[in-house]
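Chemist: Sequences listed follow chains A and B, in order. The first sequence: position 76 = 101 (our numbering), numbered continuously. The second sequence: position 93 = 104 (our numbering), numbered continuously.
These are calculated hints, taken from the structure and not from any lab test. Check the hints yourself; a few may be wrong.
As the list claims (entries may be wrong) - Cβ-Cβ distance ranges computed for the label pairs, FRET-style:
id, chain 1, residue 1, chain 2, residue 2, range
1, A, F65, B, D33, 58 to 66 Å
2, B, D82, A, P255, 56 to 64 Å
3, B, P44, A, C248, 19 to 27 Å
4, B, P44, A, T181, 30 to 38 Å
5, B, D82, A, T247, 55 to 63 Å
What the hints assert, rightly or not - Straight-line alpha carbon distances no greater than 30 Å define the calculated DSS-like cross-link-like pairs of lysine-lysine that follow:
id, chain 1, residue 1, chain 2, residue 2
6, A, K219, B, K95
7, A, K178, A, K297
8, A, K209, B, K125
Said to hold, decoys possible - Per the computed footprint, the stretches of chain B lying under chain A, defined by three or more beta-carbons under 8 Å from a beta-carbon of chain A, are:
id, stretch
9, 25-37
10, 40-54
11, 83-94
12, 113-124
13, 142-148
Beta carbons: idealized from backbone N, C-alpha and C, even for Gly.
So the chains spell out like this:
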Amino acid sequence: MLEYTNKIQEIAKKILSEGKVDMVIGFRKGTIPMMSEPCFVTDADGVGELSFDSNCGSNLANYIMDRKEKIGIVAKGCDSRNIVNHIIENKIKREQLYIIGIPCRGMVDRHAVGAALGGEILEAVENADSLVVKGVDGEATYSLVDMLQDNCKTCTHRNPVIVDEMVADKVEEQQDTNPYEDVKKIEALSPEEKTAYFDELLSPCIRCYACRNACPLCYCPTCFVDESRPQWLGKSQDITDVKTFHFLRAYHCSGRCTECGACENACPMGIKVRQLTKKLNMDCLETWGWEAGLTVDARPALDQYNLNDPEEFIK
Amino acid sequence: MSDWEPKIVSFFCNWCTYGAADLAGVSRMEHPPNTRVIRLPCSGRVSPKFILAALRQGADGVWVSGCHPGDCHYIEGNYYARRKFNLMKNLLEHMGLEPGRVQFSWISSAESTKYVQVINEVIETVRKLGPAKDFVKDKPKVD
Ligand code: SF4
Ligand code: SF4
Ligand code: FES
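Just chain A, same shape as in the assembly (with noise of 0.2 Å):
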């Protein structure tokens, strides 16, 4: 990835001595192994710090909300959705951007590599296809195509679908990937199979909401967690609580939701919180033909209707 690493400095340092942004936000290696965190560089003489690899899964979206001055940002193709989402919603102006794209090939799933290693993560370290990962009870090497987050194996829109700059080459997109079968699954279960499935999926949640910081979706000055009167849930890890919680999340990211994975990875559980949001997402494709964040010249999914919308279920 260090091309990548090198190309983005390079635009930002021009980006950033023309004036044409004052700030770029990407990522930089993180303190602790297989992490990185968001980055924020407003003086040309400070690039040095921008990186990019394989472990840059959160949404720098996220950071763009409500900003006043120009604003370059590094997107891979899930990103740039999210800054559709932020375009459409009135978050930010397109002219406010200088979008550096990113042709992406996937993040690694941190969860899966600790599982398949067996315990913390000392130290990693990313080759072109592979990943060296050292451990308390030795060394092992990964392919990083085996390890990539369930978003990223899935994923057809990598390269970013509004740019300004490209770092590199497009990649090519995936084909007849299947992102709904383990929705399908769960569809074929019976009720009381499916509230078993979710209660255990769910269950060691801790409430600590990083899946809803993560997303660049939750933006309410108060979410409904945190509202009192009336009080929708619990603050509790009851699980009426949890689930409640956790249909809301994924309600209001309806016909939003990019399925960039930044929730899952942000999880300290490792608990996969896109299992429900999925289920909205391949309803919103089934139902209307909607993928989010595509476009800026379309509305999302429920800021539109058709005279004919499907509506058996409505007696």
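Since chain A is already given, all that's left is putting chain B with the ligands on it; use the hints.
Modeler: Just chain B with the ligands now, kept in the frame of chain A:
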């Protein structure tokens, strides 16, 4: 158990189903007393929070009813609502809620006959399902 009666929380649009319920009442049309009606300005006002709050607090079923498409007092409120209901219902059922716990209808203020017919259908469906189990806030479980 034998004397269990389903409790239904109904969210009715002021301009149509609420009127139909009223009309059924003043016309002395017989219908069961299992619903608790909450009046809303439009079916577009319904949020999934309302549905979850009703289940959480012990409703065995939820019934949402508004104006027929084309008849919304606010012209298009129910068109947007229809899309929301679609996703809402599917996701609730995806998480294990039994089909029939949450039901939707379009009933105009003149359709007291349809109102009586639907209220019976809603209640009977929920009766067959039995007391609600999902999304109910019970006392905390201690392992
Ligand atoms: S819900 Fe998750 S996958 Fe969807 S946009 Fe938000 S962070 Fe990305
Ligand atoms: S990040 Fe994980 S543990 Fe935290 S609230 Fe979300 S699902 Fe629960
Ligand atoms: S006014 Fe009745 S549904 Fe909008």
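Chemist: All hints are to be evaluated individually against the structure, with a verdict given for each.
Modeler: Tested hints:
1. F65(A) - D33(B): 58 to 66 Å: Given range 58 to 66 Å: holds, Cβ gap about 59 Å.
2. D82(B) - P255(A): 56 to 64 Å: 30 Å Cβ-Cβ, so the 56 to 64 Å window is violated.
3. P44(B) - C248(A): 19 to 27 Å: Violated, at about 38 Å.
4. P44(B) - T181(A): 30 to 38 Å: violated, 53 Å
5. D82(B) - T247(A): 55 to 63 Å: Taking Cβ atoms as reference, D82(B) and T247(A) lie about 34 Å apart, which means the hint is violated.
6. K219(A) - K95(B): holds, 22 Å
7. K178(A) - K297(A): holds, 14 Å
8. K209(A) - K125(B): violated, 35 Å
9. 25-37: Answer violated; 0 residues pass the 8 Å Cβ test.
10. 40-54: It is violated, with 0 qualifying residues against the three required.
11. 83-94: holds (count 5)
12. 113-124: Answer holds; 4 residues pass the 8 Å Cβ test.
13. 142-148: Result for this restraint: holds, n = 5.
Checked against the numbered hints above, the structure violates hints 2, 3, 4, 5, 8, 9, 10; every other hint is satisfied.
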